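With the hints as constraints, model all of the structure from the sequences given.
Per our numbering, the very first residue in the sequence shown carries number 16; after that it's consecutive.
Simulated from the structure, these hints should not be mistaken for lab results. The model shown is predicted, which means the values in this text are computed figures rather than measured ones. Be careful, since some hints might not be right.
Quick list of the computed label-pair ranges, beta carbon to beta carbon [said to hold, decoys possible]:
1) Val50 to Val75: 32 to 42 Å
2) Thr30 to Leu86: 30 to 40 Å
3) Gly48 to Asp85: 55 to 65 Å
4) Thr30 to Tyr52: 15 to 25 Å
5) Asp85 to Ile60: 29 to 39 Å
6) Met27 to Val75: 11 to 21 Å
7) Gly71 to Val50: 40 to 50 Å
8) Asp49 to Ser88: 17 to 27 Å
9) Gln54 to Gln81: 35 to 45 Å
10) Asp51 to Met27: 16 to 26 Å
Ideal Cβ placement from N, Cα and C applies to all residues, glycine included.
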Amino acid sequence: MDPISTARYGMMAATQALTASANRVAAGGGPAGDVDYAQEAVTQIQAGQSFKADVGVIKVADQMWQSLLDLQSTPRSGQTASN
16 MDPISTARYG MMAATQALTA SANRVAAGGG PAGDVDYAQE AVTQIQAGQS
66 FKADVGVIKV ADQMWQSLLD LQSTPRSGQT ASN
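Structure below.
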């Protein structure tokens, strides 16, 4: 699996974790009232940090691909661009 796909799955997982936590917090005023708000805050912060890390992976992978393309388009020693 390539790094961009891996990061994309990580971003989806972080989004799902954030959504689930937000739903638990939103429902916390219900009859059960057993939401641990401190834990939900931690979960939401972790999801945000995970998402940011995955964005970083995508940026680095993009830079690597761009560097590879730049290397392939650069003429080698003794060759012209038309070779």
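Here is how each hint holds up against the structure:
no.: 1; hint: Val50 to Val75: 32 to 42 Å; verdict: 37 Å, holds
no.: 2; hint: Thr30 to Leu86: 30 to 40 Å; verdict: 35 Å, holds
no.: 3; hint: Gly48 to Asp85: 55 to 65 Å; verdict: 58 Å, holds
no.: 4; hint: Thr30 to Tyr52: 15 to 25 Å; verdict: 21 Å, holds
no.: 5; hint: Asp85 to Ile60: 29 to 39 Å; verdict: 37 Å, holds
no.: 6; hint: Met27 to Val75: 11 to 21 Å; verdict: 19 Å, holds
no.: 7; hint: Gly71 to Val50: 40 to 50 Å; verdict: 31 Å, violated
no.: 8; hint: Asp49 to Ser88: 17 to 27 Å; verdict: 60 Å, violated
no.: 9; hint: Gln54 to Gln81: 35 to 45 Å; verdict: 41 Å, holds
no.: 10; hint: Asp51 to Met27: 16 to 26 Å; verdict: 25 Å, holds
Of the numbered hints listed earlier, those contradicted by the structure are 7 and 8.
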